Structures are given as C-alpha cells and as structure tokens.
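First residue of the sequence shown: 1, per UniProt numbering; consecutive thereafter.
Treat the hints as calculated values from the structure; they're not laboratory data. If you're wondering where the values come from, they're calculated on a predicted model, not measured in any experiment. Don't take every hint at face value.
Unchecked claim - The calculated SDA-like cross-link candidates involving lysine to any residue, where the alpha carbons are at most 20 Å apart (straight line), are:
id: 1; residue 1: Lys-302; residue 2: Val-280
id: 2; residue 1: Lys-118; residue 2: Pro-138
id: 3; residue 1: Lys-563; residue 2: Asn-413
id: 4; residue 1: Lys-348; residue 2: Val-280
id: 5; residue 1: Lys-550; residue 2: Ser-585
id: 6; residue 1: Lys-348; residue 2: Leu-295
id: 7; residue 1: Lys-552; residue 2: Glu-526
id: 8; residue 1: Lys-105; residue 2: Pro-94
id: 9; residue 1: Lys-440; residue 2: Asn-453
id: 10; residue 1: Lys-265; residue 2: Gln-278
id: 11; residue 1: Lys-496; residue 2: Leu-457
id: 12; residue 1: Lys-546; residue 2: Thr-558
id: 13; residue 1: Lys-560; residue 2: Pro-541
id: 14; residue 1: Lys-563; residue 2: Ala-539
id: 15; residue 1: Lys-156; residue 2: Glu-97
id: 16; residue 1: Lys-348; residue 2: Gly-250
id: 17; residue 1: Lys-496; residue 2: Asp-415
id: 18; residue 1: Lys-271; residue 2: Ala-258
id: 19; residue 1: Lys-546; residue 2: Arg-593
id: 20; residue 1: Lys-390; residue 2: Leu-244
id: 21; residue 1: Lys-467; residue 2: Ser-449
What the hints assert, rightly or not - Using C-beta positions, here's what the derived DEER-type ranges look like:
id: 22; residue 1: Ser-46; residue 2: Leu-469; range: 41 to 47 Å
id: 23; residue 1: Pro-138; residue 2: Asp-580; range: 46 to 52 Å
id: 24; residue 1: Arg-164; residue 2: Lys-480; range: 36 to 42 Å
id: 25; residue 1: Glu-507; residue 2: Lys-561; range: 38 to 44 Å
id: 26; residue 1: Val-122; residue 2: Asn-213; range: 27 to 33 Å
id: 27; residue 1: Val-197; residue 2: Gly-237; range: 20 to 26 Å
id: 28; residue 1: Leu-371; residue 2: Asp-110; range: 51 to 57 Å
id: 29; residue 1: Ser-585; residue 2: Val-122; range: 52 to 58 Å
Positions of the beta carbon are idealized from the N, C-alpha and C atoms, including for glycine.
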Amino acid sequence: MGRNILKIALNVAILAILAGTVLLSPAMAASDIDIQRLVQEAPDFSLYEKAQGIVWLKDHHYTLLADGSMETDICWVVLVRDTIDPSWQDWSLPAPEGGSVEIMKAEVYDPASALLIKTAEVSSQEVEGRSLYHVHFPARDEVIWVLSYRVRSPRKLGVDGYVRTGLTLPLWEQFITVDVPAGSSFSWLASENDEPVLQKQAGRDRYLWHIVNRPIWRGTSLLSSFEPFIAFSMQQGEDAYYRLFQSMEGVTVPDAPASVVSIAKNANHMKAGNEIIQYVKNQPSFPDFVADNLLRTVIPEKGAWSDWEKTIILARWLPLAGWQVNLKWVTAADIAKDTPVTRGFLLKPILEASIPGSGTFYFDIRQGLSLGNTPPSLWGSRICGIVDRKLTSDVIQGGGAADHRLSLRWNLNLDESGYLSGHASFLLRNGWAGLFFGGKTPDISTAASILSNSTGLQFDSGQGEIKKLKYGYEIIFPVKVFGAITGASGKQMLVKLPTFTPRCLKELVTVRSPFSVQFPFAVEMEYDLRIPDSMSVLALPGTSGKDMGKVKYYENLTYKKKKHTVNGSARVVVSVDRFDGSLASALSESLRRFADFNTKTLPLRAK
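Construct the entire structure; sequences and hints are all you get.
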C-alpha cells in the first residue's frame, strides 16, 4: 500500500541490526498485540516483492499449570496479498481430548491505518466429543490477518512441543517460549541448530528461542531431516517413546465390516489386501483444513477418518487377508536417549507389509504407486516402531545413484538475434519424483511452478507436457529466451545458456556435516545447441572432471563444426547417503563445479 521511502530505508536498517533487537515481547497475550507498532516496524512488500504474504510474527508460549495441564498461547500476524495461496486462508484448531481451544482474536486489519476492517469467519463442530474450530480469512489486497488462540491440554504432567520453523511465506520474526518448573529436566532438538536462551526466574526456568528473517521454505530438500523444526519436552529417550507408541497404537479400532471380512477370504492375498486398502481409502475424510494427524482414542465405526486413523485401521484389518503388518512411524530425526518426546516428532504412520510369496515393502496411505513397491517419497525416511516388544529404528533404503537421476536436457537453436528457442526436457526418476511432487501425480501447472524455481525460467504450463514413466516422469516445456550478447558490429556473440541450479543442491553446499540425504543420487544437465550457419565457435571453455571416490563429477563440451552444433554435459554422481568429513567436502566441491558449469559462456563470431 505504498508506505514511504523512509519505511523502505528503515526496513533495510532493521534487517541489518535485528539480530540484536527484539521488536515485540515474547509470549504476548492477544490484547498485547500492537498492530500500529508492527505496521511501523515490520517490513512490507518493498522488501519481499514477489511474496504472496509475509509472516510478521509467529509466537508460541508453552506453560505447565499447577493442575498438571499444559497451556499453549499461539499468535500469528500475517501481511497478505490477494494472491495468497488458498491453503493459508483456512485454519483448523482441534481441541485435545478432554481439553479446549479458546480463540481470542481472528481479525483483519488495514496496514495503512492499523484499523480493524472485519473479523474472520469462525465456526465449530463437535467430532466425537471434541471441538474442532475452523477459521477462514478473506483474501484481500493488502490486509493484515491476526489469529490468537489458547490451547489447554489436560493431564499432560509436563510440557512438550514440535514447532515448524520453515514456512511457505517469508518469516520476519518468531518466538518460542517454554516455561517449566525451576530445575526440571528439559531436552530440545533443533534441525537448524537454533539454541534457546535460558532465563532463570522465580520458581521457573524459561527457554526462549528468537528466530529472525527466515526465507521461504519450499519443502524440496534432499536432507533426511528435511523439515525445519524445533522440538522440546520434559521427557526424553527411547523408553518414553515406547510408551507413546503403545498409547497411539492401542487406540480402539472398529471391527471390520462383513464386506471387508468377505474380501479378506480371497485366495489372492495381494488382490484381497488391495481391495481392503481401497475400501478404507474411499471412506469419508475430513475437509482439507483438518490436520492429517487427528487421532482419537476411539475411532468411530464410520468415517470421517483422518489419514492417521485410516493407516492404523489398515494395520488391524490387513492381517485378515493373510498380510504380515507392522505399524511404523516416520520421524523428524533419529530417536536417541536424549531425543525430546513429543507427538509432533512423528510425521506420519506407515505400514511395513509382506505378503506370502513376496518381499517386504512399505505402504503410505497417500501413495500413488501400485502395491508391492515402496513409494520413492519414503526412500531415505527415518522410521521407528515396536517389533516383538522392542523399539526398532531404521532408514528405508531404495536403490543407488543410477535409480535416482534428475536430468535436464536442453535442445536449442540459436538465431542471429541472440534468441534461444527449443525445448527443455526434465527426467525425474524415483526419489526425485517423490522429492519434488511428494508421491502425488503432478499436473502441468504444479510441475511448471516447481521446475521454474529450479532453473530461473518461467515455463508456460499451457504448452507443457507430462509423460508418466515406470520410474517417474518426463516433463517437457517449450523455451524461448534471449541468451546472447551481440557485439557492436554484429559480428561477435557471447552465448549464455540457461542454467540449472536446484535449490536442494545449493543447500547441500552450505549444510554442516555430518548429515544424511534421502537417497544416493545423480544430477545431470545436457544441451544440444545448434548455432547459425553464418557463425562459428571461437573457442570452447575449458572442462575438467574429478573422481572423488563415492562422489564423482564429470563434464564435457564438444563442437561439431560441420553440423554447426555444440554439445555439453555436466553430471554429479553420489553413491552414498551419509556425509562426514572428507565426503562432505567432496560433495561440496562437486556441486560447486556443477554450478560453475552453468556459468560458462560460448564466444561466437561471424564467418
């Protein structure tokens, strides 16, 4: 809404010094939210020009009350445009079993005047004795959304939480405040090494995280712990997780109906299991705004059922068809003796299954692949569960580097004006397909958006094409881009080819070792470039490869003068999934070389 140049300068100044500045007090009550102050101090879209919105403030405050219950105050303040993704407009606030949710503010403000425009739409419904609140915010250009609410969780006898610190909008400032009785045991784990400040107060210890200016998290990370988070708890370790798994897996599940019992009698175990899975998947689900991790102590006989509930039901019903099934949980990181115990650390349940006459595979309720195959989206996932009354942990393995290839091939023609035109062809195999598309079959619009972010080019989804392959997808887009600088005389040309720099590769260059990736991989870029008959290549840029053992880098460039073509390729091949010391250095070097290949230019001159 065009606040003045002084505001822009102030944003830049604040950004430079904010590491030592606190804009607002942590753990504020709803009545303490100073919208006028936020309007003056927080950045507008002049600092984040392309963002659909900016999370000005995200505040979580956890407290253990005298009666043993946990109270959590949560506040969001978000500046939005009318182009905001619809998923941000709807908020689901389920009350814990036996607990409550109190919405203190759900309001829309004008960022120019800081005055209230309207209240958001708030509705509620009872689901098996639990209140479920739904808040809907309008998409208007530009407005401020404010949502503040309190969650009371009874009989916790401790404090725990799992807070996602990566968002699909830029995050200006976040506070996480945890108050526990003085001297209490307290453990925490942060995926990005964010450390809390401990403040000793009368009768309590306060742990405070202050996170400033986090960029958009796009959810396409190769790292095994790919979701940025902070987890904490007054309990820790494997024994406590064993008890948590027991309680979650011990929920009451409805008996299989007669139709399912009849299906289970089919002598073809695979077919019987598939039909049972389809029966459960086809049962009513909750609306999209309801979290997938809703899990009730007693799952009702008929849906709606959450994805977690459907998975646990299948764990009980599939053995009727002769399947051997173990319920496993995908975890945010390894479970060790000092890991904080909180339910949020469990990302989702999956099934480890085997059928007479076939090997073991893993099943995800949302997978699109046929049964008998572990979906690539699960490869590299850490899993944990109870087997033979013992807690077991593992990493789902799934092939080598050759199985997980990400390829981009440019087929381009250069004209005398410096324009490159042709096609860009992506091949995403196995793990890469799961990484980019989450195990779902992408539409061309989704593919265009994700792949545009990887190349810096804007692909036209209206002209793209997706081919489903056994191992993934081939996605083709037409390309026309100005790719050369022409000399003043028109007799020389310096060609700069389109680049290929996936964000998930850039991340691996900066992450600290040791770390793990979801799967071994190969990434490659190739191009076939036809130059005008009237021009020739002055000299090819130099090339070099390097074999670093488990990490290899290859590149080459050739010029076929008679055919007027230049062919080039660069490839990184990584045959391991864990990096420490020299291996991490080798990976970083190979990825830098791959990035450098993208910067090569091709000098041409008229014949």
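Hint check:
no., hint, result
1, Lys-302 <-> Val-280, "holds (10 Å)"
2, Lys-118 <-> Pro-138, "holds (10 Å)"
3, Lys-563 <-> Asn-413, "holds (12 Å)"
4, Lys-348 <-> Val-280, "holds (17 Å)"
5, Lys-550 <-> Ser-585, "holds (12 Å)"
6, Lys-348 <-> Leu-295, "holds (11 Å)"
7, Lys-552 <-> Glu-526, "holds (17 Å)"
8, Lys-105 <-> Pro-94, "holds (16 Å)"
9, Lys-440 <-> Asn-453, "holds (19 Å)"
10, Lys-265 <-> Gln-278, "holds (16 Å)"
11, Lys-496 <-> Leu-457, "holds (13 Å)"
12, Lys-546 <-> Thr-558, "holds (18 Å)"
13, Lys-560 <-> Pro-541, "holds (15 Å)"
14, Lys-563 <-> Ala-539, "holds (16 Å)"
15, Lys-156 <-> Glu-97, "holds (11 Å)"
16, Lys-348 <-> Gly-250, "holds (16 Å)"
17, Lys-496 <-> Asp-415, "holds (13 Å)"
18, Lys-271 <-> Ala-258, "holds (17 Å)"
19, Lys-546 <-> Arg-593, "holds (9 Å)"
20, Lys-390 <-> Leu-244, "holds (13 Å)"
21, Lys-467 <-> Ser-449, "holds (17 Å)"
22, Ser-46 <-> Leu-469: 41 to 47 Å, "holds (44 Å)"
23, Pro-138 <-> Asp-580: 46 to 52 Å, "holds (50 Å)"
24, Arg-164 <-> Lys-480: 36 to 42 Å, "holds (39 Å)"
25, Glu-507 <-> Lys-561: 38 to 44 Å, "holds (40 Å)"
26, Val-122 <-> Asn-213: 27 to 33 Å, "holds (31 Å)"
27, Val-197 <-> Gly-237: 20 to 26 Å, "holds (25 Å)"
28, Leu-371 <-> Asp-110: 51 to 57 Å, "holds (54 Å)"
29, Ser-585 <-> Val-122: 52 to 58 Å, "holds (53 Å)"
Checked against the numbered hints above, the structure violates none of them.
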